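Protein sequences, first through last, are from chains A and B. Counting in numbering that gives the first Met the number 0, the first sequence runs from 0 upward without gaps. Counting in numbering that gives the first Met the number 0, the second sequence runs from 0 upward without gaps.
Hints listed in this document are in silico derivations from the structure and should not be mistaken for laboratory results. Treat each hint with caution, since some may be false.
A pair holds if it fits inside one copy or across any two, identical chains being indistinguishable in the list.
Restricting the straight-line Cα-Cα distance to at most 27 Å, the calculated cross-link-like pairs of lysine-lysine (DSS-like) are [as the list claims (entries may be wrong)]:
#1 K113 - K134
#2 K24 - K186
#3 K2 - K135
#4 K109 - K24
Every value quoted in this text rests on a predicted model; they were computed, and no experiment measured them.
Number of protein chains: 2
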Amino acid sequence: MEKLTVIKIGGNIVDEASVLSAFLKEFAESPSKKILIHGGGKIATRIGDSLGIQSKYIDGRRITDADTIDLVTMVYGGLINKKIVAELQSIGCNAIGLTGADANLLPASKRPIKLVDYGFVGDVIPDLIPVDSWKKLLEIGFVPIVAPLTHDQQGQMLNTNADTIAQEIAKALSRSYEVELIYSFEKAGVLIDTSDDNSVIPVLDKKTYEQLKRDQKIYAGMIPKLDNAFEALNNGVSKVIIGKAENLNRLLSNSSGTTIINE
Amino acid sequence: MEKLTVIKIGGNIVDEASVLSAFLKEFAESPSKKILIHGGGKIATRIGDSLGIQSKYIDGRRITDADTIDLVTMVYGGLINKKIVAELQSIGCNAIGLTGADANLLPASKRPIKLVDYGFVGDVIPDLIPVDSWKKLLEIGFVPIVAPLTHDQQGQMLNTNADTIAQEIAKALSRSYEVELIYSFEKAGVLIDTSDDNSVIPVLDKKTYEQLKRDQKIYAGMIPKLDNAFEALNNGVSKVIIGKAENLNRLLSNSSGTTIINE
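This is chain A alone, in the form it adopts within the complex (with noise of 0.2 Å):
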């Protein structure tokens, strides 16, 4: 099967123009058939303010009301999508920006509102995922830039978190592919120490990965991107890979970041 990258970079990589072009002279450099998921970053929180729209967070989850979810659909799908679209091309990189709307690529759900009512959140229905229009899409070459935005098929936009979308089109293209799925963020991989770059673990197996969060070794905002990263491995990726966003090129050649590993 032909390879596949699947990137997403977090909301603190958009943030920073100089990290974020150096990341994506590297994505466009990368030979494969790829796919990339970004993040939304501050910026949104930082229009959000001046339009009078507040953040609003229940156990330190955002919630999404009607204009949170214009909002976000604003930034996210239209300033921060299309910069990265327009610095791509102009790199030679045929970037094409798409939300989970666009072509219905990602079909989603509103989130059911049990203890909490997170709003306008869509959780994404794989089963429905239009697997030929994403194969369509790379093989004419285009390289789809996604935002985090799902819709309900039913007109409404949804909020929905750039992890989640990323394993979702890595577990629904691997049937097609040979997917490898790569998170970047802020960190050089899975760290022992979380203060410490150098304390990397290479190769993280779920047996290793039980017992480092039995003695609370992982950190708990790493714990939802690994449960996700085995999901992943579970559902037909072929290889996860956790690191920083401006060492791309090592982390493709696997000379940085944590590999992630089922047995």
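With chain A held as given, fit chain B onto it using these hints.
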């Protein structure tokens, strides 16, 4: 040749949710291959006001400074574009929202500074339009929904008039399709009496147009639109129709609006 309908809707349609929905319903039902180009609407001005970005005009033409290009990239390329896409997807139309930067669909150059510096305004470079990419998107079955934004191929988004974009797309694709170009706006067509929607000229040829201009019987605001229409006809477009967005089916069946013809 296969038929392709290129439709431009103005900002005033975009601003009225019920009118927009009625239009989108008929648009979704139209069986031919199709492309929709949408204008901006007052919402950009409203959001700009809230953000403290003032609209600047010289001789009635908007100046696009650095803040304004970010604003319209957000609002046109994000908010408006994705709302239209999500609504079309909800009624079975496989819409894909795009700007001219995406897949390099509308390469442009920043308008040179002569008497006036219009700022980040782009003039489309017709010879560089990637007809093959447009055709591939249409062949997949996607329906492109185009925001009035282009790019300079060096990383900068540019503001571009939606009428002009519609005309350039129509011309470029007329080598591959039998293209019908529809400019929809708030009037029922080209009117003899601008205050009377019943005074529509059903068919307007070049000679009559020139005569009406000499007699100052054409509303000044219509002149760029009509010049655009005749230029499209001179460059391979089969038919141009001007009329009300709400009457799309009737425009398509030639029973409403003004049909522009060359001889």
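Okay, the hints, checked on the actual structure:
1. K113 - K134: Neither: 36 Å inside a chain and 46 Å across chains, both beyond 27 Å.
2. K24 - K186: This pair counts as within: shortest intra-copy Cα distance 20 Å, inter-copy 48 Å.
3. K2 - K135: Both ways: K2 and K135 sit 15 Å apart in one copy and 23 Å across, limit 27 Å.
4. K109 - K24: Result: close only across copies, 24 Å inter versus 36 Å intra.
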